[in-house]
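Put together the whole structure using the sequences plus the hints.
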Amino acid sequence: MNGPGRIGRDETATLRFTFDGRSLCARPGDTLAAALLANGVGLVARSFKYHRPRGIMAAGVEEPNALVTVGEGGRTEPNTRATDVFVYEGMVARSQNRWPSLAFDLGAVNALAAPVLAAGFYYKTFFGPPARWMVYEKLIRRAAGLGKPPTLADPDRHQHRAAFCDVLVVGGGPAGLAAADDAARGGARVILVEQDRALGGCALRGDGEMPTSDAALRAAGVRILTRTTASGVWDHGFVTLAERLVEPGEAPPPGQPAQRLWHVRAERIVLATGAIERPVTFAGNDRPGVMLSQAVRTYIRRFDVLPGRRVVIATNNDDAYRTAEAVAAAGGEVVAILDSRPDFTEVARAAKERFRVHTNAFPHSTKGRSGRLRSIGADIWTERHSFDADLLAMSGGFTPVVHLHSQAGGKLDWRADIQAFVPGASAQAITSVGGAAGEVAPIGTNAVHLPHPKHSFVDFQNDVTAADIDLAWQEGYRSVEHLKRYTTLGMATDQGKTSNMAALARLASVAGVDIPQAGLTTFRAPFTPLALGALAGPDGGGHAAPRRRLALHDRHAALAPVWQPLGYWDRPRAYPAAGESLNDAAIREARAVRTSAGIIDVSTLAKFAVSGPDAAALLEMVCATGVAKLGVGRGRYTFMLRDDGMVMDDGTVWRLDETRWLLTSSTGGADRMEAHLSYVHRVLAPHLRVSVVAQQEHFAGIALAGPLAPTILAGLTGQAPPAHMGLAEASIAAVRVLILAASYSGERAFEIYAPGAIAGPVWDALDRATCAQGGCPYGLEALEFLRIEKGHVVIGAEADGRTTPHDLGLGRMLRKAGGYVGAQALGRPALSAPDRLQLVGLETAEASLPEGAMLVARAGAPVEGHVTSAAQRVLGQGGIALGLLAGGRARLGDRLIAASPTRGRHVAVTVTQPLFYDPEGERYRD
Amino acid sequence: MTDRDVSVSMEPAGEVIALDLWSGADAPDLCGKIALLRVEPRRWWLLDAREADLTAMIGARGAWAPIGGGLVRATLTGPGWRSLLMVAGLFDAEDPAFGTGAVAATVIHHVPVRIAVVGETSCDVYCAASYAPTLAGLWGSVIGRERVSLSRELPSATIGSE
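Read top to bottom, the protein sequences are chains S and L.
Whatever position you read off the first sequence (first residue = 1), add 3 for this note's numbering.
Whatever position you read off the second sequence (first residue = 1), add 12 for this note's numbering.
All clues given are correct.
With beta-carbon atoms standing in for the labels, derived distance ranges:
id, chain 1, residue 1, chain 2, residue 2, range
1, S, D169, L, G113, 22 to 32 Å
2, L, G36, S, M816, 30 to 40 Å
3, S, T905, L, E63, 47 to 57 Å
Per the computed footprint, the stretches of chain L lying under chain S, defined by three or more beta-carbons under 8 Å from a beta-carbon of chain S, are:
id, region
4, 69-76
5, 79-92
6, 111-125
7, 144-152
None of these hints come from the bench; they were simulated from the model.
Ideal Cβ placement from N, Cα and C applies to all residues, glycine included.
Take a look at the structure:
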């Protein structure tokens, strides 16, 4: 018998799973890789480019070869490392990147084309006639990738969670356990994370002892997170941890998330992330049956699986001799130990008593058949030998896992004795211990001749050979970063965990420099692949933002409106009757406002109570219009500027009494305005005795507009409504309300404010009274029609952050004395240049204008402006719009084209004043 | 302790007034006279207070404005409240120093909140009413929807998004 298999009887293999449809059994605690080996399955994958047969090389997250697809439907997870998924009952696993089958893959024909598929071949397809690329592109896109992503939505939830600690220990091996134990004994809040299911690290393969136990650590208050990977270390001790609560493809218990992304803020971080064993580079080193030495030990001692019966060990260090012991103890035959070092070390000398140990010995090639290793060719001193074997355990040294240290800005130092980088000076409170700090076996550093570089793989996952690196160098790629991108070295799921050092060594060799001089690519997060669902967290499936509900949401919902997302808010866009289109509904609603009355929910407007003896002084700094002279009980339109003189927001300001004011501004700018008010108060004028309180949601707001609005309001309040830009307090439906007489629609109108929690009856009363007069509720679409007709600007469309008050025709309202934010900037000549984009009106005989359309004199002429908002006339015919046009105010009567190539529309328009309705304002004045 | 060792009830916060004092030295006068939370260095939230009472109490030493109309109070009851607040949170609610009487302003799942520790096994979380369904949905997904109750007076009694 040869090939992998379980050691002894396998009576505890009780979990059933399938691989490529074949039903197999596994022991609880088996990784998929262990279970496959236990079932004699050595061939598990096909390589990325050449479709070469691949097996299992490692036993941890560094596995480059054994990528499989796990799960079904929306839980399908492609490119999962078989070494990093634990078997569960009913697991469905499939090989990938093969057709029609893993054993017989037609894609393997690519190997024949290897000479033309060398490093950077796809870049070279850009050479020659462009039409040729159209052919290449289809082929390359079809061939690219490994596993196929799921086409169904992820049915599972993902959670985000914060945690804080004094000490975060990453890695649950002996060094990490000791660090966590020490910190906990010192009274620190400690979090210990381990990417494996069990604590122990190298102790799980019999290397070292666990200094403490899981139970003891928990008793000491340590929060232990297993199946959790520290995916990234960011600034100021911020670390993201990805916790798997279930295995890939596995359904979580009802109500539980599948994964949790922890946001940890740690005072101190201890990295006990260990070291990764490096492969040895020789021809055929990617064949199934060629494994890392420590991985072989892990399968034997942790999983009771012997990956091969006749074993050759190739090493440049003493650690691999432990594997020989493990193989022998498990009943395997150690055929030979090929030690590349010229002299016997003490360990080698001792091993020589039991095993055939050869010094100055290098594997140069392998042979295999049907996905099984058959023999290994080796150069021993000056002679060439061949060994019949079904397993080659290789050890090319150890690379400390410095990823997190480096991500955190730490420096790296070179250690010649281990031929690897180790953590140097840290930029944060980070300490590396154990293997991560370079506590690994030293290696022999004698140069190795590669007789077959084209078949000697450096990066297994990307099919990059030593010859590819040589070629990249010959073609002028000197920077390791350029070489990485040209060859794809170190990319994809393993991010070069097993390949980086071997590649650097090859690069340094061809460049004739030392490895540190060859450079190093950047370590980036995540350390291992991270599910997008984990990043999205609870926002998965929707926008990554909360949804805000209006205080009157349920009343609107009862009318089945068309909802309009507006920032975080959902607001009614229109209330269509049965069979009515959105546009028809909006026109009907707008006409009701023009002819009788309508009500609209304006609760989302920003509202600020500005109070105190210096309230007027603060407002005069914030508002660019005159404010302080406003009489009690009066209000006015105002706007606010940024420091650079651009219009930031607009609204109304009302004097409630001598020292109390109410400032309103736009919905979308509410948070920005709150921050601006705070900036002006806290930074520019901290001496002012003024209080600014955001009341956006304290007040629900309902606007009542239309020629019958005064009658309706008087009927509800029993008192005369306030004059235009006046205010009053009253009761509606037994609720005290504040009434502000302001018009946005161009009709006589009132904004009625009541505490949000009790505003429902006010809406009900207004709704009944308005409908009784032939009016109706109206939504944002009708509001848009009304305000465009009236020429009112909106923040974001006309006031787009690049427009001054002069551009918008608001210059006359500026306070001449200045003193407001932005006043100085407005004095710059460029902001008064006559050719600036200025607000204009646009008319057309057509029913509508395309918003965003370019304004041009004729087809192909330079763009002179654009349409900012468009509507149809509410009572008349034809389309109207507001736009920004270069030197617009001097161009009234010009005929232009509103061109929207993306919508295929070109509409002839005439430039007008930006006011299409009641230019004298007679309709809203008393 | 698990997230599930907690239940949540959400209801309108009632009469809440934001008070700014020109001098922080005046604050101690309020203590004992009225239920309050210090939410900023010179800002207090007065709970169940009436504006009419403040004129005599504060006079010209500060200014105030009501905010309760758009505020929701979520009361988290049970030993797991600290753990629950860490879900999609940013603040160290598990810090033992965050004890009874402490107030924190932070963000949970993008929602600005103020957390007031009421006792060992209880805290109040204040948020704008418009955000209440979002928070209720988040917490319901963690501890079970049956453990989160929304007052019928809130914008929608439906937990979670539409």
